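Given these sequences and hints, build the entire structure.
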Amino acid sequence: MSAPAVVAPDTLARTWGTRRGIVGWLSTVDHKNIGLRFIVTALFFMALGGVLALTMRTQLARPDNHLLSPQLYNQFFSVHGTTMMFLFAVPVMMGLGIYLVPLMIGTRNVVFPRLLAYAYWVYLFGGLFLYSGLLTGNGAPAGWFSYTPLSESAFDPTKGSDIWAQTITYTEISMMAVAVTLIITILKQRAPGMSLNRVPLFVWSMLVTSFMVVFAMTTIATASFFLAADRLINTRFFVERAGGDPLLWQHLFWLFGHPEVYIIFLPATGIVSHLVTTFSRRPMFGYTAIVFATIATGIISFGVWVHHMFATGLPALGLSFFTASSLVVTIPTAIQLFCWIATLWSGRPQWRVPLLFVLGFFFILVRGGLTGIMLASVPFDLQAHDTYFVVGHLHDVLIGGAVFPLMGALLYWYPKFTGRMPSETAGRWAFALLFVGQNLTFFPMHVLGLHGMPRRTYTYLASTGWGSLNQLETIGSYVLALGVLVTVGNLILSAFRGRTAGADPWGADTLEWATTSPPPPGNFASLPVVESRDPNWDQTRPEDRPIVTGLPPERREVLFTTALDAVPARRIELPGPTVWTLAAAVGTTIGLVMLIFTPWGLVVAALLSAAPFIAWSWPKVGGSA
Amino acid sequence: MQGAHSVLGPASPQAAAIAHLALLFFALAAIVWLLVLGFLGYALLRSRRLGERETDARLTRRQIIAVSAALGLSTIVLLALGFVDYGTARDIETAHTSSSDTLHVRLIGRQWWWQVQYQQRTPPYQVVTANELHIPLGRPVVLTLESADVIHSFWAPNLHGKSDLIPSYSNAFLIQADSPGVYRAPCAEYCGTQHAKMALLIVAQPADSFAAWYTNQLRDAPPPAGGAAAHGREVFLAAACPFCHTIRGTSSGGNVAPDLTHLASRSTLAAGTIPNHRADLAAWIANPQGIKPGNQMPANLVGGSDLNALLDYLGTLR
Amino acid sequence: MIRNPKTIDASALPTEGFGVASPTWWGTLGFMFIEGSSLALCAMAYAYLSRRSPLWPPSGTPLPNLAFGTVVAAGLLVSLVPAFLLNRAAKRMDRAAVLRMLLIGTAVEALLVMLRAYELYALPMRWDGTAYGSTVWFTLGAHSTLLLLDFGETLVFGVLLLLGPVEKRHFADVADSAMYWFFIVLIWLPLYFMLYVSPRIF
Chain A
1 MSAPAVVAPD TLARTWGTRR GIVGWLSTVD HKNIGLRFIV TALFFMALGG VLALTMRTQL
61 ARPDNHLLSP QLYNQFFSVH GTTMMFLFAV PVMMGLGIYL VPLMIGTRNV VFPRLLAYAY
121 WVYLFGGLFL YSGLLTGNGA PAGWFSYTPL SESAFDPTKG SDIWAQTITY TEISMMAVAV
181 TLIITILKQR APGMSLNRVP LFVWSMLVTS FMVVFAMTTI ATASFFLAAD RLINTRFFVE
241 RAGGDPLLWQ HLFWLFGHPE VYIIFLPATG IVSHLVTTFS RRPMFGYTAI VFATIATGII
301 SFGVWVHHMF ATGLPALGLS FFTASSLVVT IPTAIQLFCW IATLWSGRPQ WRVPLLFVLG
361 FFFILVRGGL TGIMLASVPF DLQAHDTYFV VGHLHDVLIG GAVFPLMGAL LYWYPKFTGR
421 MPSETAGRWA FALLFVGQNL TFFPMHVLGL HGMPRRTYTY LASTGWGSLN QLETIGSYVL
481 ALGVLVTVGN LILSAFRGRT AGADPWGADT LEWATTSPPP PGNFASLPVV ESRDPNWDQT
541 RPEDRPIVTG LPPERREVLF TTALDAVPAR RIELPGPTVW TLAAAVGTTI GLVMLIFTPW
601 GLVVAALLSA APFIAWSWPK VGGSA
Chain B
1 MQGAHSVLGP ASPQAAAIAH LALLFFALAA IVWLLVLGFL GYALLRSRRL GERETDARLT
61 RRQIIAVSAA LGLSTIVLLA LGFVDYGTAR DIETAHTSSS DTLHVRLIGR QWWWQVQYQQ
121 RTPPYQVVTA NELHIPLGRP VVLTLESADV IHSFWAPNLH GKSDLIPSYS NAFLIQADSP
181 GVYRAPCAEY CGTQHAKMAL LIVAQPADSF AAWYTNQLRD APPPAGGAAA HGREVFLAAA
241 CPFCHTIRGT SSGGNVAPDL THLASRSTLA AGTIPNHRAD LAAWIANPQG IKPGNQMPAN
301 LVGGSDLNAL LDYLGTLR
Chain C
1 MIRNPKTIDA SALPTEGFGV ASPTWWGTLG FMFIEGSSLA LCAMAYAYLS RRSPLWPPSG
61 TPLPNLAFGT VVAAGLLVSL VPAFLLNRAA KRMDRAAVLR MLLIGTAVEA LLVMLRAYEL
121 YALPMRWDGT AYGSTVWFTL GAHSTLLLLD FGETLVFGVL LLLGPVEKRH FADVADSAMY
181 WFFIVLIWLP LYFMLYVSPR IF
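Residue numbers (this note's numbering), protein chains in the order written: chain A, 1 to 625; chain B, 1 to 318; chain C, 1 to 202.
Everything labelled a hint here was simulated from the structure, so no lab data went into it. Keep in mind it's a predicted model, so treat the numbers as computed, not measured. Treat the hints with care, as some may be off.
Cut-off 27 Å, straight-line C-alpha distance, at most; resulting in silico cross-link-like pairs (DSS-like, lysine-lysine) [what the hints assert, rightly or not]:
id, chain 1, residue 1, chain 2, residue 2
1, A, LYS620, C, LYS91
2, A, LYS620, C, LYS168
3, C, LYS91, C, LYS168
Over 10 Å on every C-beta distance to chain A, these chain B residues come out as not near it, computed from the model [stated by the list, open to error]:
id, residue
4, ARG121
5, SER179
6, GLN205
7, THR215
8, ALA264
9, ASN308
Every residue, glycine too, gets a C-beta built ideally from N, C-alpha and C.
See the structure below:
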């Protein structure tokens, strides 16, 4: 007797759904809920980081300004950078991945749903912990990169650098849990027929990114542990007087730090691939080249870190290697750019707002990539390093290269998230404000850097002549902020006033558009079988497409397939909702907060996390958990 | 007081080489950027409007050619940039006047000021000053860059790129000024609260004025002649100043703050923050935290006539 | 309802599997990568900082006791035998044999944890005197955390197998934990060599 192929909605909701009310909200393991939580929380932190930036820009609008004391300004730029890099950019991309990947590969949930739920709470608590430091006069004072010896206890007697190091630990635990979950889900839970050469490009980008997270975040976690130990129990990793080395910190940090920016950029390229495909109505030209380019970028990005250290006095021969690798790393990105242009050329451009963000991406990111190439040159970098030239470059590649695609993604997948269309008019206004604001704020910085303005300075003398460009940049930052407000307003209001959206309002090619908007619990009424790279464009009628039958609908079962060709191999049962994940996260938090005061915090963290972890993994009486 | 501080106003052979490289980079970058946007615009405005599953072998061939050509061109341009960059680096290495008359100066970065020590072969073996570096035109100067606390960075954009001052490391850095002038070198590695107000002024002068300046720096401070200045000296020695500062020729020996022996010969105070005029110096002594909050110098309860006398004395330290 | 002939009937697929067919095997692999990288970084810090000091260990600091370190390393190697037997019993899904090996494993791991604790206690230097002390303590300490973790895991599995209910997939989980034990022992070997042997040879 075979189970019904198409599962009735109420059965689906009973098996895969989340209870209503506060208990349901705290215990959910639905990847869609958790993915949206990551995204919303990340946008919240982006807003906080943005407020810090606006305050800094206001301080810098005039020379010799007194809005912020130097101590406060220094904490502001440190927390701004830490927020944007650790609490916004990576979590938002991972959040998109958590939401979209199971839908795009045709499964019902991720392989470790409870680990995912735990990862969210740890991220939230870690982020709040960083701000508790700022609000109590213990804001991280040593920059988002926390160079030693400045971040050692001799030069930072506050708790700021301890809180910074622990925020890293929280984010590391969270992001690595998500990464491992995504890797295994992508490799082993794809719809039958979705061999590796049919995997959507955003999923590929999340796979490569997740591998990078595993290696890069381990590095920063270990390094921040060394720093925390130097401060807490007087180890000597970075203390030069006892055999330590301040440069060791820089090597470890940048070994993480450079892959970090590609961890942020590669998912954005995945997004751009989908936007280009949908808004030109054409399959991607050079799919295989883009896959290899993504993998190549991921690997090469681990071999360029010394370009952040050209001024430290390392031997010149070694530096040349890193110039070469830093030049080479741009080639795979160039491949992606040209393939996107070729795809757009072959199709019919649909002039909707997400395509505008792709154009903005090209305009700004290419500029940022070119200034990056300049910075690969040692002689030029020795002039531009640690000046506003680099601030301009990094905001070009991060805002143009990641935030613009993100904005496009939020508007593009909004109907899938909410079942309503976002406002096209508001989207156009947002794009215009963001585009003008970004360029006005960050292009002049290249000029300022060449005119001698160093980074991380809370004020400057009037006689430097930097005042007018700084004022222009400050105005630009307010325009940028307005663009963000319009976007957020659009996202919030359209949930109430937007037109109802069907399953596939854009006419797109991937599987998330083959189910309702928003998708039901369990994602699909029937699990799809895939026969091409763009299954939603298959000529057969949706109800005639092949599906998977035989999985009992009252159990949370999904297919576990082979890694290369997605041949079904097992039926596995996924765990359901539990509040033990929240309890474990609370336990981890208590321990990590204690750790800034005493090393016994580590033991507390372990014990208070392990018990709930065992509880959530323990099999339920009468069947699987 | 200010001093030039621009990458695009080179006053040395090294900076000139970098400026040329920079201009080449900018021109090339602008061209590439316009080309990419041009191709993008062309693709959007002259798109071929094929259907989702349509294939057109000719179009595909053209796509392959176009993408391969673009990639090939990009690779060639990158290779060329690599070679030009390598060439510039070699030029910089050999760009100084080959001279056996290299000046050696030790720069020690401290939070938040620059200690300057000229190494000599004859007594007093070192000339010590602070926040102002005088160098002769046309002669190579090898700086030994060290730090007494955290990482700082030496950067005079008109003269060269930057080089870090890292505790437990000693970086040798060669500069040479070919044009006379005053060049500003702001600290270029975030070093704490007052990183923003830690600038070194570099005065590049002809050989004879440099020699005169140097000879003057060798002298200890002479005992003051007049009454007020002499009283000022007593004020200095009785206050907290000698705990941190040294005036050679007095009994003071503090070495954690700038050497004041020739204070009046410097054009700025507090590492390039305020001009060295009487009123500014008075404000600085009375309330350093008001001018450079967070710096290591405490307020000094020297007021009224004592302050005036102190200022008179300090004014004699040329 | 006419269904596409390419429709797949999954009802005959097994629900349990070992190795690549088991989700927790992949999760364990991920954890091995993460922890392995972390230990590699500790070793890299040790190696990097050793190049910065003229004397390594610095003068006045003796090397850790070779005999004792070798005893612990040998003990770890010997413990691979019960781990191997546990793995085999798990693959056979023999509940009684698995329970037996889990109990033996718990006892062996408890002994090793105590030996390792003494090894740490007997280190001739503290972590806060020199960089040498810090890197040695951290490398040993990080590895000891993994030892403790696996000891805890073995204990929990023992309780689970004892109390039940035991499902087929739990045997896969036990096999994964045996694999993890192999990882913990094998990764110690190069670290043992680095900390105890190579300073005496080179």
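Right, here's what the structure says about each hint:
no., hint, result
1, A:LYS620 with C:LYS91, "holds (23 Å)"
2, A:LYS620 with C:LYS168, "holds (14 Å)"
3, C:LYS91 with C:LYS168, "holds (10 Å)"
4, ARG121, "holds (26 Å)"
5, SER179, "holds (16 Å)"
6, GLN205, "holds (21 Å)"
7, THR215, "holds (31 Å)"
8, ALA264, "holds (21 Å)"
9, ASN308, "holds (27 Å)"
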